[in-house]
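K.L.:
Next come the chains, spelled out residue by residue.
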Amino acid sequence: MQDILSVSNLSKTYASGFSALKNINLAIRQGEIFALLGPNGAGKTTLISIICGIVNPSSGTVLVDGHDIIRDYRAARSLIGLVPQELTTDAFETVWSTVSFSRGLFGKPANPAHIEKVLKALSLWDKKDNKIMTLSGGMKRRVMIAKALSHEPQILFLDEPTAGVDVTLRRDMWELVRGLRSTGVTIILTTHYIDEAEEMADRIGVIIKGEIILVEGKTELMHKLGKKQLVLQLPHALTLVPAALSAHDLQLSKDGCELTYTYDAQGERIGIAALLKDLGDAGIQFKDLHTTQSSLEDIFVNLVEGKP
Amino acid sequence: MNLHAVRAIYGFEMARTGRTLMQSVISPVISTSLYFVVFGAAIGSRIPQVGGISYGAFIVPGLIMLSLLTQSISNASFAVFFPKFTGTIYELLSAPISYSEIVFSYVGAAATKSIVLGLIILATAGLFVPLHIEHPFWMMLFLVLTSVTFSLVGFIIGIWADGFERLQVVPLLIITPLTFLGGSFYSIDMLPLFWQTVALFNPVVYLVSGFRWSFYGLADVGVGVSLAMTVAFLAISLAIVAWIFRTGYRLKV
Ligand SMILES: Nc1ncnc2c1ncn2[C@@H]1O[C@H](COP(=O)(O)OP(=O)(O)O)[C@@H](O)[C@H]1O
Ligand SMILES: [Mg+2]
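Protein sequences appear in the order of chains E and C.
Each residue of the first sequence is one higher than the last, beginning at 3 in our numbering.
Each residue of the second sequence is one higher than the last, beginning at 193 in our numbering.
Hints are computed from structural coordinates only; laboratory data are not their basis.
From the three backbone atoms N, C-alpha and C, an ideal C-beta is built for every residue, glycine too.
One or more of the hints may lead you astray.
[To be verified] Short, incomplete list of chain C residues facing chain E, as computed with Cβ under 7 Å:
1) Thr278
2) Thr280
3) Ala287
4) Ala434
5) Phe437
[Claimed, not checked] Listed next, the in silico DSS-like pairs over lysine-lysine satisfying Cα-Cα at most 25 Å (straight line):
6) Lys220(E) <-> Lys279(E)
7) Lys129(E) <-> Lys142(E)
8) Lys142(E) <-> Lys276(C)
9) Lys256(E) <-> Lys230(E)
10) Lys110(E) <-> Lys130(E)
11) Lys276(C) <-> Lys119(E)
12) Lys133(E) <-> Lys276(C)
13) Lys444(C) <-> Lys130(E)
14) Lys220(E) <-> Lys256(E)
15) Lys256(E) <-> Lys211(E)
16) Lys211(E) <-> Lys230(E)
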């Protein structure tokens, strides 16, 4: 698939001297849902803000569908819709006028039918003539999404879309995101909720302290970095792991009744077969066995803590 | 040129005026009327004519200038400061719109309001004193140039301001004194010689003088000088705005 967004050697040092992004390289494919996953302060918002033109990059280039975000900013920006992290709205405007305003701002001729469609999809239709200040927080966030969708963007950025959002909105939002993806819109969302990335994304990029430390398809990521463990329950307690089994990565529980074998989720079934054979040869029996697999959450925690 | 965006911002700003009609139109009209009652009728009746014109009529151009300057600045500075304050500026910065288009829309809207306001005040003045406009074309030219220039100044202040105090400090501490001392209520040749020289350093003198000339053919400085100074202020403001955008000053980090 073609890259709709490509970030090369992008760095950002704020005026304070703080280096928020360090040599970021990232390619987003047309039509995918990409989750940028990272703890608070990792640089997610900074990265999005640079791509959207809100923050100046210190060095590096960003191409949006081949258009440089600085030299060719008009073409680049008109493809992008942004829902920022903070709730910022014009309190005194009506829903209808603020959403129509956004469409005009992004250079599109008025199209009431499209605005109507967007408002209906976000359950805002019956609120269209309300002033924004009369809406609840969740409704305001819907308005911000409507603004971002008003000009039919090809790329939608959602910065922490579900932080502090109620269950209904969260569900509606995912439905909307899937619907948009099915029409070819590329979606890039940031989150520090792993389950969100796990549920929604096609690919995940992990950003920590201003560096993208990996980008993987969700399934590959789970596959590659996830550990599996085989736990054997022994009928008779052991005091130590027999020397005959030292070739395997085994751990004995404190009570001596459980042997845990850790292996990479990537295949290596041979390891298990060999282990079982060696167990048999050593005369160790087991009464039960089960496997566990690390969740994306475990993987993430390990990454953040710097463990592979 | 992103005409849809220019129209959207301009329309947004004009709609905002509609909502704040009380603050942006009615209150300047009331305060101008008060000036006429106080200076024109009460005090003015004891002041001899200035250059053959009744005092009430003499102050009309200066009063209009006073409103034009303060309103242009406060309209434009508020229009720019408010999105920064609420955070909605993110949308402006992320939109496919050039800096010149942003200036054009905001300054255009603020200047439009000032021009309309100037004309409303002129009409209000007509209720109190007999009006006479000798050079209507020049009158409009000065009206438009001044509105645009000071809307640009307001734009700059709006970007510079990081709080509501700063927003008010320039109009209050600089523009209002300069206007009062700028010959709105007197001809500068009424001043002692020393202060006449000092007055020539006050930019507002040139604006008021040129504007008054377009009404009564009566000026403190030559109309050519007034026009040149007005255009110079416009050029300076444009240069500052260009610099702001080139450097991203206070807009982008
Ligand atoms: N304007 C700024 N000036 C200085 N530092 C900033 C500025 N904006 C953000 N930062 C810092 O940059 C880092 C990354 O911030 P941000 O991109 O908002 O992270 P995230 O969105 O991943 O939580 C943080 O440490 C933050 O404090
Ligand atoms: Mg953030």
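K.L.:
Give a verdict on every hint.
P.N.:
Results for each hint:
no.	hint	result
1	Thr278	6 Å, holds
2	Thr280	5 Å, holds
3	Ala287	4 Å, holds
4	Ala434	17 Å, violated
5	Phe437	12 Å, violated
6	Lys220(E) <-> Lys279(E)	34 Å, violated
7	Lys129(E) <-> Lys142(E)	11 Å, holds
8	Lys142(E) <-> Lys276(C)	18 Å, holds
9	Lys256(E) <-> Lys230(E)	20 Å, holds
10	Lys110(E) <-> Lys130(E)	20 Å, holds
11	Lys276(C) <-> Lys119(E)	30 Å, violated
12	Lys133(E) <-> Lys276(C)	20 Å, holds
13	Lys444(C) <-> Lys130(E)	32 Å, violated
14	Lys220(E) <-> Lys256(E)	35 Å, violated
15	Lys256(E) <-> Lys211(E)	38 Å, violated
16	Lys211(E) <-> Lys230(E)	28 Å, violated
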